[in-house]
Every structure is written in C-alpha cells, then in structure tokens.
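S.K.: Just need the whole structure built from these sequences, with the hints factored in.
Here the protein sequences come in this chain order: A and B. In terms of the working numbering, the first sequence opens at residue -12 and continues consecutively. In terms of the working numbering, the second sequence opens at residue 411 and continues consecutively.
To be clear, the hints were calculated from the coordinates, so they are not data collected in a lab. Only a predicted model underlies this, so the values are computations on that prediction, with no experimental measurement involved. Keep in mind that a hint or two might mislead.
Some chain B residues flagged as far from chain A (calculated, every beta-carbon gap over 12 Å) [said to hold, decoys possible]:
1) 422
2) 428
3) 460
4) 466
5) 580
If you want the footprint, here are the derived chain A segments under chain B, 3+ residues with CB under 8 Å [to be verified]:
6) 63 to 74
7) 181 to 192
8) 422 to 429
Backbone N, C-alpha and C fix where the C-beta goes; we use that ideal spot for every residue, glycine too.
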Amino acid sequence: MGKTLYEKVFDAHTVRRLPSGQVQLLMGLHLIHEVTSPQAFSMLRDRGVGVLHPERTFATVDHIIPTHSQARPLVDPLAEEMLQHLERNVAQYGIPFFPPTSGQQGIVHVIGPEKGLTQPGMTICCGDSHTSTHGAFGAIAFGIGTSQVRDVLASQCLAMDRLKVRRIEVNGRLRPGVYAKDVTLYVINKLGVHGGVGYAYEYAGEVIDRFSMEERMTLCNMSIEGGARCGYVNPDDTTYAYLQGREYAPSGAAWDAAVTYWSSVRSDADAHYDDVVVLRGEDIEPMVTWGITPAQSTPVTAALPETSSFAAGEQPLIAEAYEYMALEPGLPLAGTKIDVAFIGSCTNGRLSDFAEVVRHIEGRPFKVAAHVKALVVPGSQPVREEMIRRGWDTIFRNAGFDFREAGCSMCLAMNPDKLEGSQLCASSSNRNFKGRQGSPTGRTLLMSPVMVAAAAIKGEVTDARDLFDFAADGSASS
Amino acid sequence: MIDSTRTTIAGPAIPVRGHDIDTDRIIPARYLKCVVFEGLGAHVFEDDRAQQRRANTVHPFEHPRHASARILLVNRNFGCGSSREHAPQAIMRWGQGIDAIVGESFAEIFQGNCLAMGIPCVTVDEADMALLMDLAEVQPDVTFTLDLPTRTLKAGDVDVPVHLADGPHQQLIEGRWDSMGELVAATDQIARTAAALPYFTGWR
Ligand code: SF4
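M.R.: Below you can see the structure in the form of structure tokens.
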C-alpha cells in the first residue's frame, strides 16, 4: 500500500523513537518572531545550550510592529523592548533576521514562502499556530509553544506524535465571488473547530488543483481553526513554478534534483487515509462568521441559524455567541452595520488578495462609507512595495482605505491597531474569538477580502456579488 | 535536585464551564508583550472576568471560594486557537498555582505546551465532568486527588477514570516531561537523519 505525503515526510525526518513512545522529529525550517521566542532564548541561556542550526532558523518581527510608522524607537516601550530582545538574540546566535530596515520584513507566514524558504517535503515549525500555512507547498508545518521553540533551537528537533490523515477533496468549481477563504470557512463549518484534532488535513480535488499558491496558503492557514495542527496540498507544477527563482529556492542542477525529490513526496495514488471528506465547490457561497469561533459561520445569503438547530450540548455556546455578538438568530447578517474593515493578515494579506479587491474598485466611484474605518495592511514589505509600484496604494487611498505598513496589525491587535468598545469589524483575518481584535468587547466577522471591501463600501455586511461585477468572470475563478 | 515526577496531585478544584475556550480568552494578546512569563498569573481570563463583572456574576477565577484551587476543570476543546504558551504559563501562575487540568478534551498545541511544563492534561467523559464540576461548585473545599499511576480522579464520593495517552503518562510519572535534554542527546542520530535529507545537504 502507498503512503501519504504526511507519512513520507514524517518518516524521512524521524530521528528515533523516544522512550515515551513519541518520535524525535527533525525540523527543516524554524521560523521565529518577537512574541514567542524571548523566553525560549532565556531558557537556553539558563541551561547553557546553544542553537544547533542557526542557518535553518529565520527571524522577523510582525506581531507587535506598528503600521503607522516603523521608526525606531517604537512608540510603545514594551514593543521596543521585545524587538530589542529579538535583535540581541539573533545577533548572539547568528540567526538570519529580516528587520524593518531590510525591506524584507513581514508576517512570518508571508515571508517564508515569499523568500522561497518554504519548500515541499520539509518539516517546518514556528511558535505560531498559523504555521500550517506553509503546508500549501507540501510541507508538514505546524505551530509550537515556547518550550518547544527552545527544544528546536537547541536540537533542531521536536518530540511529536504521529497524526492521522484526513483527505478533504473539494471537487467541481467555485462560483464567481467565492474564494479560498470561503472554502476554508465552509470546511470548518462542516467539520467543526475540533473536528481536526488528531489529524493532518490533506486538501485535494479539482478546486484545490486549480488554486494558485496564495489560495492554497489561505486554505492551509486556517487548518488550525478546524483543530488540525497541520494541513497540506501535494506539490505540483503550480508549486514548482511559484518557487523557481526565489531567493532561497534551489537553482541550476540543484533545481532539477529538488523537483524530482519534491515530486517523490507526493501522496501515492493508493495511499491509505484515516478519513475522507468530499465536498462540492458549487455548494459553497461567500461565507461570513457571526459568532465567536470560526465554525460559527453562514453563507451571506442565509439567515442566522436558530439556536435550536444545534445539538443540545452546543446550545449554550451558540447562545453565548449570539449574546456576545449582539446578533439575532433568524435574521440575515447582510445589512448589519459595521464600524471597521480590515484587509490583511497571514490568511489574506498577499498580493493576490489585494489584486482581487483592486480589480473591483479600480476606475469605479466606490468609496468607503463615512462611518467606517478601513485598513489595508500588506502582509510584508515586498508585498507593500509591489502594491505601490502598481499604484494600488493610490487606488486604495482614493477609495478611502488607510494604506499601512506591513505587519499582523488588527488580526490580533498587539500593536496600536485595535477595535474600540464593541465595534463590529469585517475582517479578512482568521480568528473571531472574543476580544481578539484588541477590545475586550470588540466583535469580528471573518470573510474574504472582497467581502470585506464590499462591507467597507456599503457600510454594512453585504453580498459582494450584488455590489461588484462578477459577470465577466464566468468560470474564470478557480 | 527538583523532583520532576508527577504522580499524585491533590487539592481543591476550580471549574470553568464552556466549550472551545481559546487561548486569547485565557490570556488576552495585550499581555503577550513581555519577555518573561512571570506576572502573567494575575491576568488569566482577564476579559472573561470583566465581562462577568459587568453582568453581575463572578468568574470562578475571581471567586474567593476557589482561591486555593490546584486543579482546573474544563469542558471540550479547551485551549484552542493561538499556540501561545503564555496561556498555560498564566494558568500555572494563578493563585496558589494550578498543577493539573482535567477536561473533556484539549486542543493539541495547548496539551503539548502543558506537557512541556510538566502539567498533566487528563480527560474524563462528559457525564463524569458534569459530576465533577457540580461537586467543585457545591463543595469548593473538597480535595480532588488525581492519581496518575492508576489513572483515577477521586473527590468526595466521586471516583472516575481519567484518560491520558501512554507516552505523556510515562513521561509525567517518571519525571521526563522536559524533552530538551533527551532531544539534544541524540547528536549523532540527528546528524545522520539530516545527512539523508537532500535539502539538508545542498541537493548533492
Ligand atoms: S497575521 Fe494574525 S494569525 Fe497571522 S501570524 Fe500575525 S497575528 Fe498570527
């Protein structure tokens, strides 16, 4: 019987079985940032241990970085202190670092792929749960805690248990106006926020095959929101085309050797899966979350579900969500007034995300509604530079969006970009947890970047297909 | 030498009801702006506590009757969301210190973070959890005794089995949950595994 990519990569990186029964797994790439690494470096120092593979470790600053101005010292003294700690740590251990002055800084899950660091067949870890993003390349990539960051710095290894593998096929076609973000929200809605616990997700099927790398990243990014620690797509020509010519990608004779190797880690046709879920692309509508977990979502065209439509055990959580969100079951979400709109994050802060919005607003008289504060936050400095080169900063500004510097920004609001009071935010990020966007009573509606833009312009949740022209798309959308 | 074995953990229990409680709720992101974990204990569940105050109710982590609790009781998928180890670090540093967490189920990264800190996360059935939570609320002083070798939890008249995978179970009772030493020790094997991976060797 054949093997899945997960099994092949796991086996190739197995150092040994530990006495506990766990496996010591070698890590090919370790990404670090300012929030989850300082305590790990302190622990290393306390124990007098060094960094085993500094050349396989890469650092950037993303969570705390302000998006108004990255000038030093940072205005927030705590943020400045964290950045200084990171600078000291990377200097002491010789770890490559992409600081704001490099022109290469950005959200860790945007710059890894962008620089060609993320490659098929690798094991990748980072002290951040959305490390699952890198699975888009056919890597086994997962988030870890700070003690594990310490372990990887010291040994380039982790103690891991093997996961089961669930294949999620999305076949057919997506309709115009339906995006990778909608696919991932749909999957999480179907399988629940803990449905993936114990599993790696393998995404496959006609829709995923046609997806660009950036769409695959959006999809894999939110695997963790469905409880799956990692999610991946088998590498193919789309993957190789994306990687070719990138700074850290192999080149020359090594390129051919790499493509051969990458192709060899693809799941075999007769691989065994612990579970298979088959979905139809045509069934997916633009999705919007209405609650406090990413599974609490609805097609924008539908009315909010009645509490009684959920299993008895779920109902307290559903009631709690409605109360927190100040929304009513049975009513449509469309038409709900929003206060803030945010386009960015490691889920939807890449060039193609902004391109899709620009495509709909360029040359049209659209303006952000007067009562809405709308932020456009590129995922990295290179993304931002390219947007400026194409004149998109002007297009966004003219339409009333605030065009910012690169970083995590209002995805988790560790910088000054925060909701106030119980503001309602249409957001292209990945978490709608209570208080996630910086105000303890702030409220988040997750949706695709195009849906966020539509909401910003209308000033309320709206079906982007009613506002923008998708007629020309036909079946062009993947 | 500190004793790192985890066998019997006893003390009053504190129940926090609700499914899918994420790590943003356990420790809001604004407290992640720190370079040490010390001091996080005071802010555990801070926003949930404030929300309950506004509603004129009291969050268990604020209720005097639970001030001496050592064991946390939770429902399903506790610790989902962000991988921040700050969450278990905050729980561990609250009050007298939480030494064990009993739940219906846990998010994986959270459970792994707890193990790396020597905090057992054990699971019980939904019906047993209902009994345990009711007991901890009605008689907050009752001692809960989690016995890892026998995988049981006793409190008052309640005596229920707990589940914990064999690997972590063994690591905790033998005091080998701190994985770093073991991982670092395999120097030669690490080098051999790396040498067999084409991308580690420059595709030669
Ligand atoms: S953009 Fe959001 S989810 Fe992504 S790494 Fe930053 S804070 Fe985490």
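S.K.: Each hint: holds or not?
M.R.: Against the structure, the hints come out as follows:
1. Against the 12 Å criterion, residue 422(B) stays outside the reach of chain A, whose nearest CB is about 25 Å from its own CB.
2. Remark: the non-interface label on residue 428(B) conflicts with the geometry, its nearest Cβ contact in chain A lying 7 Å away (cut-off 12 Å).
3. Separation of residue 460(B) from chain A is inadequate, the least Cβ-Cβ distance of about 6 Å not exceeding the 12 Å criterion.
4. The beta carbon of residue 466(B) is kept farther than 12 Å from every beta carbon of chain A, the shortest such distance being approximately 14 Å.
5. In this structure residue 580(B) is not separated from chain A by more than 12 Å, as the shortest Cβ-Cβ distance comes to only about 5 Å.
6. A stretch counts as covered by a chain when three or more of its residues have a beta carbon under 8 Å from one of that chain; for the segment 63 to 74 of chain A and chain B the count is 6, and the coverage holds.
7. Counting residues of the segment 181 to 192 of chain A whose CB falls under 8 Å from any CB of chain B gives 3; the rule of at least 3 is met.
8. A stretch counts as covered by a chain when three or more of its residues have a beta carbon under 8 Å from one of that chain; for the segment 422 to 429 of chain A and chain B the count is 5, and the coverage holds.
Violation of the numbered hints given earlier is confined to hints 2, 3 and 5; the remaining hints are satisfied by the structure.
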